[in-house]
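Engineer: Whenever a hint applies, use it, and build me the whole structure from the sequences.
Chains as they are written, first to last, in the numbering used here: chain A, 10 to 159; chain B, 10 to 159; chain C, 10 to 159; chain D, 10 to 159.
Simulated from the structure, these hints should not be mistaken for laboratory data. There is no bait here: all hints are sound.
Covered stretches of chain D, as calculated for chain C (at least 3 residues, CB under 8 Å): (1) 61-74; (2) 78-92.
List of simulated lysine to aspartate or glutamate pairs, EDC-like, C-alpha gap at most 16 Å: (3) D:K144 / D:E24; (4) B:K126 / A:E74; (5) C:K126 / D:E74; (6) A:K123 / A:E103; (7) B:K144 / B:E24; (8) A:K60 / A:D83; (9) D:K126 / D:D137; (10) C:K123 / B:E20; (11) B:K123 / C:E20; (12) C:K152 / C:E103; (13) A:K144 / A:E24; (14) B:K126 / B:D137; (15) A:K123 / A:D137; (16) C:K60 / C:D83; (17) C:K126 / C:E103; (18) D:K60 / D:D83; (19) A:K126 / B:E74; (20) D:K123 / A:E20; (21) A:K123 / D:E20; (22) C:K144 / C:E24; (23) D:K126 / C:E74; (24) A:K152 / A:E103.
Using N, Cα and C, we set each Cβ at its ideal position, and we do this for glycine too.
Protein chains: 4
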Amino acid sequence: MLQIGIIGAAECSAEGAALAYEVGTLLAQQGAVLVCGGLSGVMESAARGAKEAGGSTVGILPGVEVREANPYIDIKIVTGLSHARNILVVRSSEALIAIEGGYGTLSEIAIALKLGKPVVGLNTWNVDPNIIQVKTAAEAVAKALIMIHR
Amino acid sequence: MLQIGIIGAAECSAEGAALAYEVGTLLAQQGAVLVCGGLSGVMESAARGAKEAGGSTVGILPGVEVREANPYIDIKIVTGLSHARNILVVRSSEALIAIEGGYGTLSEIAIALKLGKPVVGLNTWNVDPNIIQVKTAAEAVAKALIMIHR
Amino acid sequence: MLQIGIIGAAECSAEGAALAYEVGTLLAQQGAVLVCGGLSGVMESAARGAKEAGGSTVGILPGVEVREANPYIDIKIVTGLSHARNILVVRSSEALIAIEGGYGTLSEIAIALKLGKPVVGLNTWNVDPNIIQVKTAAEAVAKALIMIHR
Amino acid sequence: MLQIGIIGAAECSAEGAALAYEVGTLLAQQGAVLVCGGLSGVMESAARGAKEAGGSTVGILPGVEVREANPYIDIKIVTGLSHARNILVVRSSEALIAIEGGYGTLSEIAIALKLGKPVVGLNTWNVDPNIIQVKTAAEAVAKALIMIHR
Chain A
10 MLQIGIIGAA
20 ECSAEGAALA
30 YEVGTLLAQQ
40 GAVLVCGGLS
50 GVMESAARGA
60 KEAGGSTVGI
70 LPGVEVREAN
80 PYIDIKIVTG
90 LSHARNILVV
100 RSSEALIAIE
110 GGYGTLSEIA
120 IALKLGKPVV
130 GLNTWNVDPN
140 IIQVKTAAEA
150 VAKALIMIHR
Chain B
10 MLQIGIIGAA
20 ECSAEGAALA
30 YEVGTLLAQQ
40 GAVLVCGGLS
50 GVMESAARGA
60 KEAGGSTVGI
70 LPGVEVREAN
80 PYIDIKIVTG
90 LSHARNILVV
100 RSSEALIAIE
110 GGYGTLSEIA
120 IALKLGKPVV
130 GLNTWNVDPN
140 IIQVKTAAEA
150 VAKALIMIHR
Chain C
10 MLQIGIIGAA
20 ECSAEGAALA
30 YEVGTLLAQQ
40 GAVLVCGGLS
50 GVMESAARGA
60 KEAGGSTVGI
70 LPGVEVREAN
80 PYIDIKIVTG
90 LSHARNILVV
100 RSSEALIAIE
110 GGYGTLSEIA
120 IALKLGKPVV
130 GLNTWNVDPN
140 IIQVKTAAEA
150 VAKALIMIHR
Chain D
10 MLQIGIIGAA
20 ECSAEGAALA
30 YEVGTLLAQQ
40 GAVLVCGGLS
50 GVMESAARGA
60 KEAGGSTVGI
70 LPGVEVREAN
80 PYIDIKIVTG
90 LSHARNILVV
100 RSSEALIAIE
110 GGYGTLSEIA
120 IALKLGKPVV
130 GLNTWNVDPN
140 IIQVKTAAEA
150 VAKALIMIHR
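Structural biologist: Rendered as structure tokens:
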């Protein structure tokens, strides 16, 4: 199964939440498994979008409690690794879609670029030409899929 | 979804493989998601049993390559953490079933006991009274489920 | 510099604390750097022994706060990895001396054996012939040093 | 002991190496312990500067081999965690000085900012106002020390 990661902060704007929901929906419609950090904000909206479209979701959690997962996570990976779990989100995804996000998201973008994985950005850090900046959820999913199969 | 871990070595006896296959089958029939280290031996036989019974499988891989997963793993968590991924297998499971196994399996049993998780053993390390030793795959699955719901 | 690990629980008996103190002293006298988990109990007594004999100490801490280190730790490695830091204690040591200990210590012994590192035991888990059981701190340090240089 | 981290790539320019050497020297003269990733490039030049000025150095290594450390590392933390060790470099430092650097360095800068640690930059990523950009090694060390004691 194709695993695509969504990265973004546990707090996001209404617009970010809507974009995340739509990205989750589209990934589910493409048959991709959504991988994320399992918490609230962008992660929760994306997972809700995926679940409501019949998709599967994986949350790679930073803490030691399975209950910190948002309600739309199917598979809960409990790491107890704190921010080091960010690297697992990146490694477990064939491409990453970043939506808004703060410093944690920037760390994930950086690791993804380090590992040579495609990173598509929606209203996120615009700090490197290798981040493929797009404007819509549909473009984000299309670009992520194209980059993988290239 | 209920996540149950199967722990054991990447090399195992024919008997161990048969036990693992049967445990995987029974867990799938109970609707549990099988969590394991994703490699060969006990992990592969258990995952094959689960998949052939229509279940779901998660492999928490030690290396950096998704292709190190055995062919029966649905969700591939690529950690790049080497043996530190053992702790994630334990944390991501509500109970653990150990089948045979060497020192790596012993480390997982020890962490599971440290975290107060049920550990059921089939022909495995018999080094502590809190490891619930059983003789059959059916007993192993039954004990694991009972211990969780207690 | 030669790095030797001391493993044992954050709570220990008076006898365990005395043994740990003596092991720490002897390691410092041999010029070895003491590596441990940085917390209380066996870890603190060993580190105190090393410091009072003029040695150096490293604490590989499980949490996110440098202040969780005991007062005898020189170099504080703050991991935020919880029990996964156990594996770093093992990997960063050329030999391990286990003193008493519970399940956490057992997990470290198991990882050390998995990695083929010498493990010397003082009143600890006696679950495998590859754990070299000794009775005194002097024997523990002598055995650890001999095993490394073999 | 005060622990300050130097972050930068395993390959760097001659100018970056010279800056790293000077930062290492100055940190040693201030009595700080230099924490780094233990490899070549910026890490090696900084560690050499610190050692030649009589200081102490810690290398938090990504791989499983102690011999991957550069020759100027006193304390070798062998993690086997690959890029996840970046987070330990950040957590184990009270302030970070970034010199040049690629995506790995960017991930460390991001985690440091996430954790609220001071980050001083020398010819490095200029992507956020919270990175304190300076021009000389002396300014970098002075700024790092001032930020900690604030």
